[in-house]
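S.K.: Residue-level listing of the chains:
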Amino acid sequence: MNNKRTSLLQRFVAAPYTVWSVLFIVIPLVMVVYYTFTDSNGVFTTVNVAKLVEKEYLSIFARSVAYAFIATVVCLVIAFPLAYFISQTKPRTQKLAIMLTMLPMWTNLVIRTYSLGNLIEDTGVINTALGLLDNPIHMINTPFAVILGMVYNYLPFMVLPIHTVISKLDKNVIEASQDLGCNKFKVITKVILPLSKSGIVSGITMVFVPAISTFYISKKLGGTDNRLIGEVIEDSFLYSENWNFGSAISFVLMIIIMLSIAIVNKFSDDEEGGGMLL
Amino acid sequence: MKILSKIYICLIFLLLYAPVIVMIIFSFNSSNSLSEFTGFSLRFYHEAFNNSKVIDAFKNTLILAVVTAAFSGVLGTAAAVGISRMKSKYLRKSLLSVTNIPMMNPDIVTGVSMMLLFVFAGTLIGLSSSLNFWTMLIAHITFSLPYVILSILPKIKQMDKHLPEAAMDLGCTPLMSFLKVELPCILPGVVSGMLMAFTLSLDDFVISYFVKGTGFETLPIYIYSAVKKGVRPTLYAANTIIVVAVLVLLILINFVGRDKSDKKLKTKGR
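Residue numbers (our numbering), protein chains in the order written: chain R, 51 to 328; chain D, 17 to 286.
It is possible that some hints are incorrect.
Claimed, not checked - Computed list of lysine-lysine pairs in PhoX-like fashion (alpha-carbon distance at most 20 Å, straight line):
hint, chain 1, residue 1, chain 2, residue 2
1, D, Lys18, R, Lys145
2, D, Lys173, D, Lys105
3, R, Lys234, R, Lys221
4, R, Lys236, R, Lys247
5, R, Lys145, R, Lys240
6, R, Lys270, R, Lys140
7, D, Lys173, D, Lys109
8, R, Lys269, D, Lys103
9, R, Lys240, R, Lys218
10, D, Lys177, D, Lys105
11, D, Lys105, D, Lys69
12, R, Lys247, R, Lys221
13, R, Lys247, R, Lys234
14, D, Lys69, D, Lys196
15, R, Lys221, D, Lys18
16, R, Lys236, D, Lys103
17, D, Lys244, R, Lys270
18, D, Lys245, R, Lys270
19, R, Lys247, R, Lys316
20, R, Lys145, R, Lys218
21, R, Lys234, D, Lys18
22, D, Lys244, D, Lys69
23, D, Lys103, D, Lys173
24, D, Lys22, R, Lys234
25, R, Lys240, R, Lys221
26, D, Lys177, R, Lys140
27, R, Lys140, D, Lys109
28, R, Lys269, D, Lys177
29, D, Lys22, R, Lys145
Unchecked claim - Here are a few chain R residues that sit away from chain D, every Cβ distance over 10 Å (derived from the structure):
hint, residue
30, Ile77
31, Tyr107
32, Phe111
33, Leu126
34, Asp220
35, Gln228
36, Asn233
37, Glu284
38, Asn292
Since the hints were derived computationally from the structure, they do not count as laboratory data. Backbone N, C-alpha and C define an ideal beta-carbon position, used for all residues, glycine too.
Please work from the sequences and hints to get the whole structure.
M.R.: Right, here's the structure in full:
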C-alpha cells in the first residue's frame, strides 16, 4: 500500500472546500460582527447595539419571537398527527403523501405567499365565494394572517423529519407496549411521542428559524402593523443603507436563534452528538 | 379511526394546497380578476410565453441552477471524500460545524453577510458595482454545498472501506481507484445531492435578493419586482408551469433512489 501517496491526495481533496468555506462562510460572518461594532467610518462603537434596546426595536423583537413561537407550536400540533397518520398508510400512499408535502416547498415562496394573500384579502377568493364583499371577514394585515403564512409556508419542514422518524420506529416496540396493556392513546403518548423526539426537535428548528427571520411573509400579509426583524434588516440594508445597524440586528438575530436551538436541544436527549451545533 | 385519519390527511392537504389551487385556477381565468372566475382561457399562458422578461428570467434561473448543481457536485464530492478520510478528529469536526452554518443560519443573515463580503471585496479592487452573476453563483454554491456534502457522507460510510484499498493493491492509482471504485458506490448520494442543489438554487429568493446585481434577474427576483406592478395572472401562469415541472422532477428524484440519504439529512441530530 502506498500510504504516503494516498494521504497526500486526501489532504489535497478537502482543501478547495476548506478554502471555500473559510472565504464564503466564516469571513462573511466575521464581517457582520465587524460592521456591528463599527460606525460608517469604521470606528469602534456600540451605538448600533445600544439602538436595539430602544422600545421600537424591542417590541419588534418580541413580536418576531412570539409569532415564530406560535407558528412553530401550531405546525407541531398539525404535523405530528399528520406524520403519524401518513406513516400508518401503505408504503405507496406514504411515498405519494410525502411527495405532495414537499411539492409546495419547492414552488416559489413569493408567489405562494402572494396567492395566500389573494385568498384571504377583503376582496379575495374566500370573501367573494362566501358573498361577503360588503361585510368581509377581515383577515389580511392581522397577526393571524402572518402566522397563517408562516404555518402554511413552513409546515412541510415539520412534517418531513417527524414522518422519517416515525416510519423507522421498530414495530415490535409498539406491539410490545400493546401487549403490556397500553391503549391506543397511551401507545402514542408513552411510546411514539418520546421515540420521535429527534424528528420533532429538527422540525422545530426547521420551522422556527425561517419563521423568526422572514421578511416577505409579514410584509405581504401583515401590512405595516406587524413588522418583524427580517423587515428591519431588509430595510437597513437595501433602503436606508444603514449597514452597521442592519448588521447589529442580524448579529442579535443569530444569537437569539443559537440560544433557541440550544434550549430546544437541552430538552431533547443528547444521544445524537450535540457537537453538530456550531 | 382509519377513516378519521384519512379525512385528517385530506383536510390538511386541502389547506396546504388551497393557495396553489387558487393560483392554478386563476391562471386559466379569462379576465384579470383574481377573485372571480369568469371563464376558461389560455391568454395568460400566451402572455407568459411572449413576455421576454419572464423568458429571460426563467433562462437565467435555469443556467444558474445547472451551474450551481454541477459545481457544488464536484466540490462537494471532493469535500465529502476528504472529510471522511481526515485523520484529525478536531479538523473534521470543525469543518463539519462550519458546513452546518449555512443550514442553521437564517437565509436573510447568510444573504446580508455575503453581500457585505462582496461589496467590501468589490471596493477593495475598485469596482463600482460588485454584485453580478458571479456573486450570485458563489452564493448559490455556498448554500447548496452543505446539502450535497451531507447527502454524500452517509454513502461513503456505507461503502466497504477495503474496496479502494483492494483496487490500489491491484494496481490502480488513487485517482483511478476513486473514479472506478468509489465514485460508482457513492454516485446515488452525489446525484441526489446535485438534484437538491438544483432545486434549492431554482427556488431561492431571500439570499439571491441580497446578492443580486443589476442585469441578472432570476425568476423569483423578477416575480418579486413584478408582483408590485401587477402583471399577476401572467405570473400565476408561469408558476403553474413551474409547479408541474417540479412535480415531474420530484417523481424523477423518487425513482433515482434518494430516500435514505435524504431522510438522514432531514433528521440529522441538531
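S.K.: Report the numbers of all earlier hints that the structure fails to satisfy, in ascending order.
M.R.: 5, 6, 8, 11, 14, 16, 26, 27, 28, 30 and 37
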